[in-house]
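Chains R and F supply the protein sequences, listed in that same order. Note that our numbering gives residue 190 to position 190 of the first sequence, counting from 1, and the numbers run on in steps of one. Note that our numbering gives residue 171 to position 171 of the second sequence, counting from 1, and the numbers run on in steps of one.
Possibly wrong hints are sitting among the right ones.
With a straight-line cut-off of 30 Å between C-alpha atoms, the simulated BS3-like cross-links for lysine-lysine are [unchecked claim]:
#1 F:Lys160 / F:Lys172
#2 F:Lys155 / R:Lys156
#3 R:Lys276 / R:Lys240
#4 F:Lys155 / F:Lys172
#5 R:Lys163 / F:Lys172
#6 R:Lys152 / R:Lys163
#7 R:Lys152 / F:Lys160
#8 R:Lys156 / F:Lys164
#9 F:Lys160 / R:Lys240
#10 R:Lys240 / F:Lys172
#11 R:Lys163 / R:Lys276
#12 R:Lys152 / F:Lys155
#13 F:Lys172 / R:Lys152
#14 R:Lys240 / R:Lys156
Residues of chain R clear of chain F, computed beta-carbon distances all greater than 12 Å [what the hints assert, rightly or not]:
#15 Ala18
#16 Asp19
#17 Leu32
#18 Asn95
#19 Val151
#20 Asp282
Bear in mind the hints are in silico, worked out from the structure with no lab data behind them. In this text, a Cβ means the ideal position worked out from N, Cα and C, and glycines have one as well.
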Amino acid sequence: MHDDAIDTALPERLAATADQVRITPVPATTVLRAARRRRNGRRLAMGTAALAAGGLLAAGLGVLPEAGEPRQPTTVVVPPATSSPAGPGVTRPSNAVLGEGTADGYRFRVEVDIWGAAADEADVWNQIRAMYESDTEMPFEVENGANYPPVKGEDKLPYTPGKSWYYIYLSVDGNPRVPYGEGQILTGRDDEIHVDGTNLDGNGNEGPDAEARTVELIFGYVPEGIDRAEITWENGTVSKLELVEAAGSTGHWFTAAGPEGGVDPDELRTYDRNGKPAEGYDFTDW
Amino acid sequence: MTAEQSERDADFQGFMASRWPRLLRTAYLLTGEQHAAEDLAQTALERAYVAWRRVTQAEDPDAYVRRILVNAHTRRFRNGRRAELPNGATGGGQGPRQQAEARDRIAQTDDRLALLPALLALPPRQRQAVVLRYWEDLSVDEAAAAMGCSTGTIKSQTAKALAKLRRSPALKQQTADTGERAGGTER
């Protein structure tokens with residue numbers, strides 16, 4: 001009875017809660033000023049991209065800017081031969097390091113685990129059990145059963161066979177890695193771009209220069225057929241991406257770190273092996 | 001500034017003025033804190049300005065901006081900037097037994113005291129689903145568009161969130177108290 005009452009009263013309670021916020025004056029000037037900065041950054045990015053297309057831009061990662069020049073993206077290094085030699089199994093993931101670097105005085109490392117595509121329903125149940133036993137934080141589609149982990153015979157099949165699961169992890173200063181993104185990818189063509197990211201700002205918002213040293217970290221996947229990719233940042237600089245292979249996926253993985261100052265990504269551009277632009281990703285409503 | 005830019009800014013400012021209160025309330029339900037809510041709503045509007053052409057060309061500009069707001073909230077959570085509870089929102093020491101003559105006002109305050117901590121205890125995506133469905137009054141399809149996920153995910157996130165809210169002791173108690181008060185009024 002109380003359960004029903006809670007459900008019924010929820011809209012009213014949310015309204016009462018929302019009414020507790022103080023409606024401040026519309027921050028028109030602040031919003032417009034900040035928004036113009038963002039927009040100008042985008043314009044600059046487009047202008048710079050045109051130069052890059054003409055071969056006039058040297059892609060310098062981690063290069064200190066000359067006076068008046070925008071800060072360059074943070075250097076990301078991919079260690080050689082980081083992909084685990086064994087292919088991914090349904091019950092044991094492959095692993096590859098996507099990039100390492102230093103931002104705000106902290107060392108970061110991005111890696112991906114790929115669980116091989118289940119061939120049939122039995123494989124799905126085995127994979128779920130293996131993920132659970134390895135403390136893999138399962139995505140909602142998997143944990144959505146009455147049981148955790150879902151149990152064959154009691155819960156419906158959480159996902160269909162045929163796609164690999166990927167989990168992207170971030171570790172800072174050698175601390176245990178933390179999951180920062182997950183999803184499913186096809187093991188062939190017709191797959192899509194996957195993009196995720198976070199801010200690297202050390203201990204958070206401490207110190208007067210915290211914002212100035214924040215670095216935006218972007219990582220993700222481009223499908224098979226993409227030969228080259230780059231991320232443009234809102235201050236007009238460009239990160240040429242090192243595309244990393246990882247057993248269990250036919251596409252490539254990448255990590256990019258933006259310039260200090262919390263500069264947002266503007267666009268992910270991709271090119272096929274003939275240099276022809278392919279589908280990209282617009283970070284506008286990121 | 002060109003005439004075109006002036007016109008664009010005037011349009012945007014009109015939009016901003018009319019949407020600010022609603023955006024702020026939604027942001028407050030997502031963050032649980034005044035300044036975080038202002039910051040989130042402001043960020044959403046900044047991004048809306050940058051994408052203003054697309055916003056105005058969108059079939060539903062409000063839905064476009066709502067999606068920007070939800071995306072910004074998701075990113076903040078991933079960045080580890082979870083909002084803290086506002087002072088006094090824990091409910092400790094501010095029981096509804098005081099000032100019985102001001103029951104209506106207290107009842108409204110109780111709603112906030114009970115609901116906000118329970119809401120903030122939900123995982124962000126579940127919180128978003130509840131806020132979009134029950135505060136923004138969006139359909140499952142509309143909420144899915146705002147969160148960039150499937151309708152099935154909205155349904156299951158909402159169901160999980162409601163199950164957790166039902167288990168919240170503070171909400172159960174508050175519901176019981178409200179029932180008693182309602183009964184008392186009738187007598």
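*Hint by hint, which ones does this structure get wrong, listed from lowest number up?*
5, 9, 10, 13, 14, 15, 16, 17 and 20
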